[in-house]
Structure formats: structure tokens, C-alpha cells
Amino acid sequence: MAKVPVQFTLNGSEKAEFVDSGTTLLNALRDKIGDTSPKGGCQQGTCGACSVIVDGELRLSCLTLAETCNGAAITTTSGLAEGGVLHPLQRAFLDTFATQCGFCTPGMIMAAKVLLDHTPNPSREDVVEALSGNICRCTGYEPIIQAVLTAARANSQSAA
Amino acid sequence: MALALQTFPTVRDANAALKVAGTRYLGGGTLVVRAANEGDVAVSGLVRSTDPALSAVEIADGRVRIGASVTMAAIARHAELGALAKAARAVGGPAVRNMATVGGNLFAPAPYGDFAVALLALDAMVSTDDGELPVETFLGGRDNSRAIVTSVSFALPKDDGFRFLKVSRIKPKGVSVLSIAVVLEQAGNGTISSARIALGCMADRPVRARAAEKALLGKTLDPNGIAAALGAAGEGTSPITDPIASAWYRAEVLPVHLGRLLLS
Amino acid sequence: MELRKSYFADVRKDDLHEIGQGRPRLDSPGHVTGKTAFFADRNFPGMLHLKMVRSPHHHARIRSIDTSEAEKHPGVVKVLTARDVPHNVYTILILIQIGPEDETVLADGKVRWKGEAVVAVLAETERAAKEAAAKVKVDYEVLPAVFDMEEALKPGAPIVNEYHGQNYYLYDSGECRKVRFGDVEAGFAGADHVLEQSYQSSPIEHAPTETTGCVVMPEGNDRFTCYTNTQAMFFTLDNTSIILQMPGSKLHFVGGTVGGGFGGKVDVIVEPIAILGAKLTGRPVSFIYSREEEMQISSPRAAEKVVIKDGVMKDGRIIARKVTGYTDAGAYSRHSPYGAQKGAGHYPGPYTIPNVWIDTYCVYTNRTPSSAMRGFGVTIGDFALEVQMDKLARLIGMDPLEFRFINAYRDGDMKAHRQPTEGAALIECMQEASRAANWPVAEKYMAMSSYKKEA
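Protein chains in written order, with the working numbering: chain L, 71 to 230; chain P, 13 to 276; chain V, -19 to 435.
Just so you know, these hints were derived from the structure itself, not from any lab. If you're wondering where the values come from, they're calculated on a predicted model, not measured in any experiment. Errors might be hidden in some of the hints.
Selected chain V positions facing chain P (Cβ under 7 Å, derived; list incomplete) [what the hints assert, rightly or not]:
no., residue
1, K110
2, E111
3, A114
Within a straight-line C-alpha distance of at most 20 Å, the following computed SDA-like cross-link-like pairs (lysine to any residue) qualify [said to hold, decoys possible]:
no., chain 1, residue 1, chain 2, residue 2
4, V, K15, L, A151
5, V, K110, P, G202
6, L, K102, V, E104
7, V, K110, P, R46
8, V, K15, L, Q170
9, L, K73, V, V(-9)
10, L, K73, P, V55
11, V, K110, L, Q114
12, P, K183, L, Y211
13, V, K15, L, E152
14, L, K102, V, N23
15, V, K110, P, G57
16, V, K110, P, G34
17, L, K73, P, T35
18, V, K110, P, V53
19, V, K117, P, V53
20, V, K110, L, A72
21, L, K73, V, M27
22, L, K102, V, M27
23, P, K170, P, G202
24, V, K110, P, D52
25, P, K98, L, E199
26, V, K52, P, A14
27, V, K110, P, A54
28, P, K183, L, P192
29, V, K52, P, A54
30, L, K73, P, K170
31, V, K15, L, P192
32, V, K52, P, V53
In this text, a Cβ means the ideal position worked out from N, Cα and C, and glycines have one as well.
Could you build the full structure based on these sequences and the hints that come with them?
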């Protein structure tokens, strides 16, 4: 089977692997590189559990082929905490009870991070729109929306 | 057989590689990788092209040409394509819009393909290396189309001349119950001088509502003026039945939503 | 959250330390950092992927199965059919003596629903397993199928499941679970109004974001570690032990982390066949449902039909209630005999009614086997009962909330299945709901109590 090289930075660290051509980024991250924070919920681009950030853009890793990401900078939820200190979004998800089963959480946090990177003070509508590609079956979304708004407030307060 | 990807710098070389049986073109991946993930073992090889022309947007003399690899997100944020932003944003959630392309949307089976509905109402031309085809002709023959779509082009609609509505059960994002795109021109006295109406989910691919278009000519945009068009809206359609809605339901609600869009 | 301490003030202790307090979830730090280990986060070298060949028919006899082409497919390591399964016919509730065993791990001679597992293919990659599964040839003789519960109960209907012999579960009480209390016909005869209505529901899929599955590792000591998202660890372990005829001591189940269950992951479906695959190949095995399988194959909430006939007096008292409930088990029992029985116990709802007659049937059809989901056996019944309550209130021109106060059960009342009511709080809940919803009721209802009857 034809192996192809993939090389990118994952949460700031250089990664290089050989994968079967046609391997999804999701499978490369999970099975080859060992970052299991993106989850495979539907493999159809519907649930958003596999969401990662590629060069600043939110992507579905289940529909992205790993070999198309050569040279890219990839961010996943497992790379957000710095020196054991949680990212404000992670802190807010904890504090507002925005997780139940936890399966959608890494993808939700990725979608929320892209939003806050571009829109530090989002409206509630902005948050709902930003999370609209991510499905949660436990919470009913309200605590997640509150978490993102809480994190945005925490960010703007620390910046002030 | 594994799913191997071949990347070519030019569309011409990619077109040549696509001639191999079992090979599909990879745009944003939201259709073809999804099919492979769901177990479609007929897809054995993927081809893509990194030709920069595929990602270009050119606007000149009131006409726009959008490269086939341009994403829905790129259209939604393009300063001069504001009229189309609503249709581009109707596709998927943010991540899907960062991946899904204009070219791919032409191949999306109902209930997907909301942007192609807009292109149909805009009377776009679809370009491949073999030449240009009107989008309606292209959509009709898309199942046998093997040439890579390179761009779509159309006249930019005048202010307020283009209207788009996607109806879904989940807000703000959900799969289409149906989508409607309308391009209208009105004479000085307010009567409709030209109308193109395109419908999504009212067949296995976007279709024109020609009877409704005809019924609008010379009429004004008020409940009486559009009544005949609403009555004719479903003519010639064969709506899909899927987990979102039955054909019967789609046929029932089409005139209601078309009416709201025309009077909005 | 406000704790209204006026309720039950004289019988409650006020030394609560946890109720009303926000406490962080213990599993959240793992969730927000992506560190929580779900079953599919385990990846072992040499792991095989299992894909199932499924029935395209609702009801069919299997004339023959030819796996020879699939076995030759590159990457295929093992192909399993019914004869590879040591104890192929099982039923999960046999652990609590609810039989007969009526379901096959892999179809043997017959399929009874569209999507039933027929052949399991184990291969080096998911892709190879899918390709090989497409090469398995099964010769079917399609049989007439039945999809409607009332059709299934008619004489001459196709028999769905021969292990039962008829299209309903045979309880020790007969063709249905029965509750008899008072004289319901006399009640109807003496009622000011009688209202009979029927209610029905379709199957509902739980749609968890994480699909059903497991990863099995054969250990060096002849034991098997099974990482699973089952909601029923020991039920699954014990049933696996029966199906594989393997002592439970050889099975080590690791779970508890479930990416959404809602009752959809209580059946014993993926683990036995995956462990069998690991046993026969000596390799780790992963069996994970695709999203399509999760939606179409995993058991949904049962379709139900509920027929309610009530006798009601002009003053608001319900004096007779007759309920006939039907639970669509699909082709196999799973948890449905229990669900239908639970329905019998749950009717006539939280109301004190002197004359009650209840029959609940667990019916077999050629549909996807149904099973547990959030309050199964009572949720659809509650929908039916409460819509019926609104209709009754409208019929006699009474406020629907006051109507419920009149009929609410209170401590000491005898329930239809002859359990005296204890610890009721319905009156107080409705009083609070009346305030919260700004839906005022007469003062006499606000003065009521669940445990003190007015003189």
C-alpha cells in the first residue's frame, strides 16, 4: 500500500509520519500521532466532534485528507492548556457545566476558539452561529453558549 | 484497494488522471471523503489540482467568475459578493463552509446543494476544459460529467434583485426542507419584467419553476399579484422524500415559503 | 437554585450540605482537555477491524451463505458466521429469568429485520473489511413481513420469531400484563362522561454523538480486555460469558465512559462478536458502528400505541380508567418485555382512580428491535395520559391544573397495582408549578398537602 509522508506542526510541535494515501487527518492524528482529542462521531461532516484548527480555520478532520495538510499549523483541544493552566475556554466549560458526556467537547472548544480568535466580544447570535456545525446530545447547548460568552468576558477583562 | 490521492498542478493533468475507473475529483472533501467514510468502496482513487486559477474570484463589467475551488466561507466574506453571502452561509456550519467548494456544490445531491440553487437562479455558466455550459444543462447531465469544473460565471444581480431562502427545521443550521432562489427585474411601474426561480429539494437536483416564473410576468409583488405563481410553483417538480421531510410535505409548504420570499 | 423550605417543613431535616450546591463534575477536566479516554481512543498494534454483513430484507429465509470470495480478499483475516458462535441464540434478560432465548448473534437460517447481522468480516484495515463484506454472497428467500402491531396480533399474520411461536410475549399472566382493580365497567356505567382516545408514537433514535462499539485486546493470560461504551457493564459481561461459553473470569471489561447513551447502549450487541474475533485470531479487534449503523441498526425507543378509556364525573373525579398499551419490540425481545410490563405498572398515572383495567402487550414485528430509552415503558404513556387529562378537563369545562389536583394521588391512597402510596409530592410540585408558571388555581388546591388529607 502506498505510503505518503505527512508533516505539519501540531500544537506547536513538529510532526512527521508516513500514512496510507487517502488517510483522513482525523485518523492520522488519532492512530498515528496519538492525539485522540478530535473524535469521530459521524465521519460525514455533520457532528463536528472531529473539528480542528488548520492554519487558523476551523476544519472537519474526518473529511480532510492528512496529506493535504503538509506544512500546515494544526491546533487541537489537547494543545490549548499551557503549562498546566487551562485556556479560558476550558476553564469556562468547567465552570458553567458545559460538559456532560464530553464527546462533543473538544470539537465545541475548537469551534469556539476560532470564533474568539476573530471576534473577541461575540454576541449570543455569533456564538450560536459559530457552534452551529457542532452537535451536542446532552446539554441542550445553553451551558455551552454560556461558557463561550463567559470565556469572552474573561478574555476582555484580562485584556483591559 | 486503498484510497490513494494524486495531486496535479494543472487541471489538464488532473482531467487525464480522472479517466481511470473508480477515480473521483477531490474538492473540499465534504462529498467524496464522506462517501468513502460511509463505505462506498466504488471510490478507489482521488484526484485534485492545485491550479491557482481554481481559487480565483474575478469581477469585471458587472460579471463575476468564481473559481471552482473557492469555498463557501470565501464567498460569504467577499466584499463584492455581498448579495450571495446569504446563499453561501446557508451551506453547512462554519467548518463545512471552510471546506465546501462552489464546484462541489454543483454535484451535491438533494437535500444538499443550496448554493447551486442560487447559481441556477442566477443563470450561471459552468466552465470546464471542454467549454462552457448553462448551469441548467450542466446540472441535468452532471451524473455523466467527467471533466473538472474550473469556474462558474454570472452577471452580478442588482441590489435587491436576488432573493434566497433556505428552510430547515433546525436553526441556524440544518439540512434543507427546501431552498428557493429568485432573481427578479421590475419595470418602472413596479411590474415584474423578468423572473427566474430555482428550487432545491423539489427534485434530486436544483430545478427551475418555469410555470411560476411565467405567472409572475407583468404582475406586481403583492398577494394578488403572486397568487397565480404560487399556485403553479410545484408544477413539474418531484420533491425528494428523506428523513427531513416527505415529498408531500415539501410540495405543501413550497408555495407558502415562495410567497414569503416574494413578499419579503 | 431556590430551595423552598415551606414544603414538608415538619418532616424534613435541614442539614443538607450538597443539595442546592454547585459541585464540579469529576470527569470535566478530562473532557475539556481532550484527555478523557473513550473506548475508541485505544489503539493497539495489529488491530483488526470488524465489519458486519447485514440483511437487506425485513424477513427472509437464508438458503445459503458463500464467504469464499470475501475470505480471499487481500487483508481479510477471518470471516465469522453463525456456526462460529458457541451459544448463538440468546436474550439479554435471561439473566433475570426473562426468556426464552430468541435472538441470534449472527443470523442462522433466517433474518427477521432489515439490518440484522449475518456475517462478520475481520480485516487489517476498515477499507479491506468493507470491500470484503461486499463480496459475501447470501442467498435469501424473501418472506412476507409484518410492520404494524395490530396486524401482527391478527390470526394468520406471519410469525416473526419462532422462538416465541406467536407475535406477542407470553407473560405468566398470558398474552399481556394485566392490572385489575375495582369494577371498571361499573365505573363507566356510572360516569357522567366517557372518553376513549388512542395515541401512538414512532420509534425514536437516541443519536448519541459517539457511536456504539468496543475495542478488544487478547491478553497473554488467556483473558480478554474489552474497552466498551456499554451502559450495562455487568449485563454485557454476563451475557458475553453465556454467548461465548467462557467463564466470566476470562473477561475484563473496561468502561463507564460513554459518549452519550440515553439508553441506546444497554443491549449486548458488539462485544460478544468482537471478543470472539479476538479469540479466534489472537489479534486486537475494533468493532465500531458507522453513523448509518448507529441510526439504522442500534435499537430505538419502541413504537407504542396507547388506547385510554376514561369515565369522569362533572365534579372532576375520574372514576374508571381502562388502558390498552402496545409496545413494538421489533423482531426480538431485548428489553421490551420489561418495558411493556413497566407500562402496566405505571398506568393509570399519578392519579387515584377507584376502578382500573390495564392490558399491556409486547408485540413482535419485522422492525428494528427496540430497547431502552430514557424512561422507556412510561414516557410515551405519560404523553398519552397527560394529553388525555387535558381532553377530559376540557370535556367537563374544568381548569386542567385544578382537574389534576382533584385526582392527584396522595399518601395512603391505594394504587391500582395495590401498592399504597407513600412519599407522594405531586400536590406540592403542582403548587410550585402553579406559582412558577403564573397559572393560578383556587386557594383550596394551594392549601392541599400530599400527606395530610383535609377533614
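Hint check: V/K117 vs P/V53, CA-CA at most 20 Å. Holds or violated? Holds, because 16 Å separates the two Cα atoms, which is no more than 20 Å.
Would you mind confirming whether the straight-line C-alpha gap from V/K110 to P/G57 stays at or under 20 Å? At roughly 16 Å apart (the allowed maximum being 20 Å), P/G57 and V/K110 satisfy the hint.
Below or equal to 20 Å on CA atoms is what counts here, so check V/K52 against P/V53. 17 Å, holds
Given hint L/E152 paired with V/K15 - CA-CA distance at most 20 Å: Holds, at roughly 14 Å.
With the threshold set at 20 Å, check whether the alpha-carbon distance from P/K170 to P/G202 stays at or below it. Between P/K170 and P/G202 the Cα gap is close to 15 Å, so the pair holds against 20 Å.
Pair hint V/K15 and L/Q170, alpha-carbon separation not exceeding 20 Å: 14 Å, holds
Starting from V/K110, check that the Cα of P/G34 is at most 20 Å away, please. 16 Å, holds
Is the Cα-Cα distance between P/K98 and L/E199 20 Å or less? 13 Å, holds
Does L/A72 lie within 20 Å of V/K110 when you go C-alpha to C-alpha? Distance ~19 Å between V/K110 and L/A72 Cα, so the pair holds.
Taking 20 Å as the top limit, are the C-alpha atoms of L/K73 and P/T35 close enough? 18 Å, holds
With the threshold set at 20 Å, check whether the alpha-carbon distance from V/K110 to L/Q114 stays at or below it. 17 Å, holds
V/K110 and P/R46 were given as a pair; does the straight-line alpha-carbon distance stay at or below 20 Å? Given pair V/K110, P/R46 holds - Cα atoms ~15 Å apart, limit 20 Å.
In summary, the structure is inconsistent with hints 5, 9, 30 and 31 from the numbered list given earlier, while agreeing with the others.
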